[in-house]
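> This is what each chain is made of:
Protein chains: 2
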Amino acid sequence: MSEPTRKNMRIDLDSLMNRLMTLGQDGALEGGGVCRLALSDTDKLGRDRVIGWMKELGLTVSVDRIGNMIAVLPGKEDLPPVMIGSHIDTVATGGLYDGNLGVLSGLEVINSLKQSGYIPRRPIAVGAFTNEEGSRFAPDMMGSAVDRGTLDLNEALAIKDAEGFVVGEELSRIGYAGEAEPGHITPHCFFELHVEQGPVLEEEGEVIGVVTGVQGISWTEFTITGVSNHAGTTPMRLRHDAGYAAAAIAVAARRIAGEIGGYQVATVGVTELDPNLVNVIARTARITVDLRNTDEALLQKAESLLKAAVDEIAESEGVTISSRTLARFEPVAFAPEMVDLIEATAKDLGLSTRRMPSGAGHDAQMFAPHCPTTMIFVPSQGGISHNIEEYTAPEHLHAGANVLLQAVLAKADEE
Amino acid sequence: MSEPTRKNMRIDLDSLMNRLMTLGQDGALEGGGVCRLALSDTDKLGRDRVIGWMKELGLTVSVDRIGNMIAVLPGKEDLPPVMIGSHIDTVATGGLYDGNLGVLSGLEVINSLKQSGYIPRRPIAVGAFTNEEGSRFAPDMMGSAVDRGTLDLNEALAIKDAEGFVVGEELSRIGYAGEAEPGHITPHCFFELHVEQGPVLEEEGEVIGVVTGVQGISWTEFTITGVSNHAGTTPMRLRHDAGYAAAAIAVAARRIAGEIGGYQVATVGVTELDPNLVNVIARTARITVDLRNTDEALLQKAESLLKAAVDEIAESEGVTISSRTLARFEPVAFAPEMVDLIEATAKDLGLSTRRMPSGAGHDAQMFAPHCPTTMIFVPSQGGISHNIEEYTAPEHLHAGANVLLQAVLAKADEE
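In the order they appear, the protein sequences are chains A and B.
Count the first sequence with the working numbering and you get residues 1 to 415, in order.
Count the second sequence with the working numbering and you get residues 416 to 830, in order.
The set of hints was computed from the structure by calculation and includes no laboratory data.
Quantities reported herein were computed from a predicted structural model and do not represent experimental measurements.
Do not rely on the hints blindly, as some may be mistaken.
A partial selection of chain A residues facing chain B, derived with a Cβ cut-off under 7 Å [stated by the list, open to error]:
(1) 21
(2) 25
(3) 199
(4) 231
(5) 233
(6) 238
(7) 248
Stretch-level coverage of chain B by chain A, calculated; a stretch enters the list once three of its residues show a Cβ under 8 Å from a Cβ in chain A [stated by the list, open to error]:
(8) 612–625
(9) 671–680
We put the beta carbon where it would ideally sit given N, CA and C, even for glycine.
Given the sequences, and given the hints that come with them, work out the whole structure.
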């Protein structure tokens, strides 16, 4: 038997698949998928199972006051660990991979080390962060935000869901109000393997998404007030049609995305007219515009072009348009050396790659300002996510987990 | 005292206003306006009151099998009567004038004749037709459509409202399932005085709308099916956005109305997206397009341009769009000699006029194919209609009713 070396270690795909499918039983939905809303009874089942696996692997497990669970494998030296992290909570109709892949592939990195007997210089930590989805309690990325001090612990503990249940009380109820202080581990660096949740890798036929950062997000709600009138008796020149203004804004948003190009996206996902009748010109309309870009200056340009378009539409249609910011996050750029490492590692493994931003938010972005951080994406079939039909092929899961393993080991042997 | 002559007769405005305000008490709404849905208890109250007035004026009243109430004043000769008609049913939040003005001004024409002692050659008939609004039972213009044979009597009697109540049974319940055969009177000609329900007369500062016909109507519902995806992770080039396609159709409809010009109008009154979430590209959208024109060829051109635009949008966005016709009526042209008569009569009375089509449907259009027919419009303040704030100034009501009186008398003395 040859001595184990870092370079020829591989993830045990059967073990990874087994963990993914087994965890998928906790909160399983009829027809596939899973409902494991943060701090629910099914979240407790999933947490118990993951904690069990962490202990089976002989890891030291801590649960902090916001319920983050962090398992540590000691290294040869007592240095800040390389951390792998994600989440196991899901949306109400979630898939088996979103978040779970990042946590369970971390456990498989440990498993591979255990199996091979290889001990890296640095400790390796695997974190499962509370309430990344934000489906039950807003904001999302709650556990990692508290860990990194972006969100105050006591503020987070006091947050209520739509039915009035409180984060702190729900943590206690399910037995996950831990005693560790959030942020008690400052990682050497941070990795998150995640399904893409978009169609790009599949469309381009690439296997590994080398994630360069997270898009900035700008959400604006526009409320348009015009004059309701009869659709037959009101000549076009005398109209102040809130529904037309809403449509014109949606078309302008699409045009602006095209003009800026690159990673700029623009979506009008909500449109509501009142009174919403065939033969009545709408009095009011409500729409939302979701703008995202990897570049803050370009995102601001998109916002500015949108504002100009909205003003011009209000003027020409004779309607009033008020706006409200629903969310605004600046783009996050991952550390170039971490991004380069993922790309090089994938290439060493003979895997095709594509550099891309993340269009969605992830726990990793909370770590990015504090330590070198990056993410690895694997293809989502049909780009489908937050859906019971979410699927990533086993060979792609394996590819991503092997890139994670090799990149983690490279960093774990650093001084 | 001078002998009464046709030309110096005038409507008694106090009496007309008194009838309008009194009828407005039957089904009066808090804050103004009236709810007198067809064949409801309040419709019965209004009918009883109008029948009472008809009898007070010494008229012969018939109620037919669809509930149309027709009162006749004999003329010097037993010839087909000049008919004045409209309706007294309202929408759920109706005004005091829509329909009621047409019936009550007819009674005031009779009242003026009675007061003056003038007896015209032909009989004069005043009709109040069942369920013009169609708010409770579809289709609208039910009573006049049955009168003219456009809608089968038994078919109409079997129509149900949203709660399952049947026209025939409701007519019996309120005591208005009459015994006369619908259409038992074939008029010499037909007049309807109505509020404009649009803003044109007010905007232009004119008093009398000389109605040249009724616009043709084309209502189409479009159902768009795209692919729902994450608003952040789906590049613009990979989108099949049902919401964007809906907006693009609405903007195209506006453009088409502008290109055709004239009396062409286009309205997208209904827009619904699914799932209608800020950060999700809509999977499906449903919109309606209401196209109207006075000219059938131009209306067909608008439909054809819309179809081409929809096809192009479906192609370029990669979505499927199905369409369903919700309503389609050809334009109705009123008899030129009747239109000319209204214009000349208004000018004789020193009233400013404007030729215009009706953008809404009216009982008169059912008579237009059968006898010389036209309508007279008076200004609607702010163009507001189907609303408790519907208002027409008394001097405008008086002007319209005087035009009606003089035009009716001109026709009533014809051989």
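> Return the status of the interface hint for residue 233 of chain A: holds when the least beta-carbon distance to chain B is below 7 Å, violated otherwise.
Since chain B brings a Cβ to about 3 Å from residue 233 of chain A, closer than 7 Å, the hint holds.
> Given residue 21 of chain A as an interface hint, is its Cβ closer than 7 Å to any Cβ of chain B?
24 Å, violated
> Report holds or violated for chain A covering the segment 612–625 of chain B, Cβ cut-off 8 Å, minimum 3 residues.
Our answer is that it holds, as 5 residues pass the Cβ test (under 8 Å) against chain A, meeting three.
> Let's test the interface hint: is any C-beta of chain B closer than 7 Å to that of residue 25 of chain A?
26 Å, violated
> Would the hint on residue 199 of chain A stand, with a C-beta cut-off of 7 Å toward chain B?
Constraint on residue 199 of chain A satisfied, holds at 5 Å.
> Does residue 231 of chain A pass the interface check with chain B, least Cβ-Cβ distance below 7 Å?
Status holds, d = 4 Å.
> Would the stated hint for residue 238 of chain A survive a check requiring a Cβ distance to chain B of less than 7 Å?
Cβ of residue 238 of chain A sits 5 Å from chain B, so the hint holds.
> Let me know if the C-beta of residue 248 of chain A comes in closer than 7 Å to any C-beta of chain B, holds or violated.
6 Å, holds
> For the segment 671–680 of chain B, does the count of residues with a C-beta closer than 8 Å to a C-beta of chain A reach 3?
holds (count 5)
When each numbered hint is compared with the structure, violations occur for hints 1 and 2.
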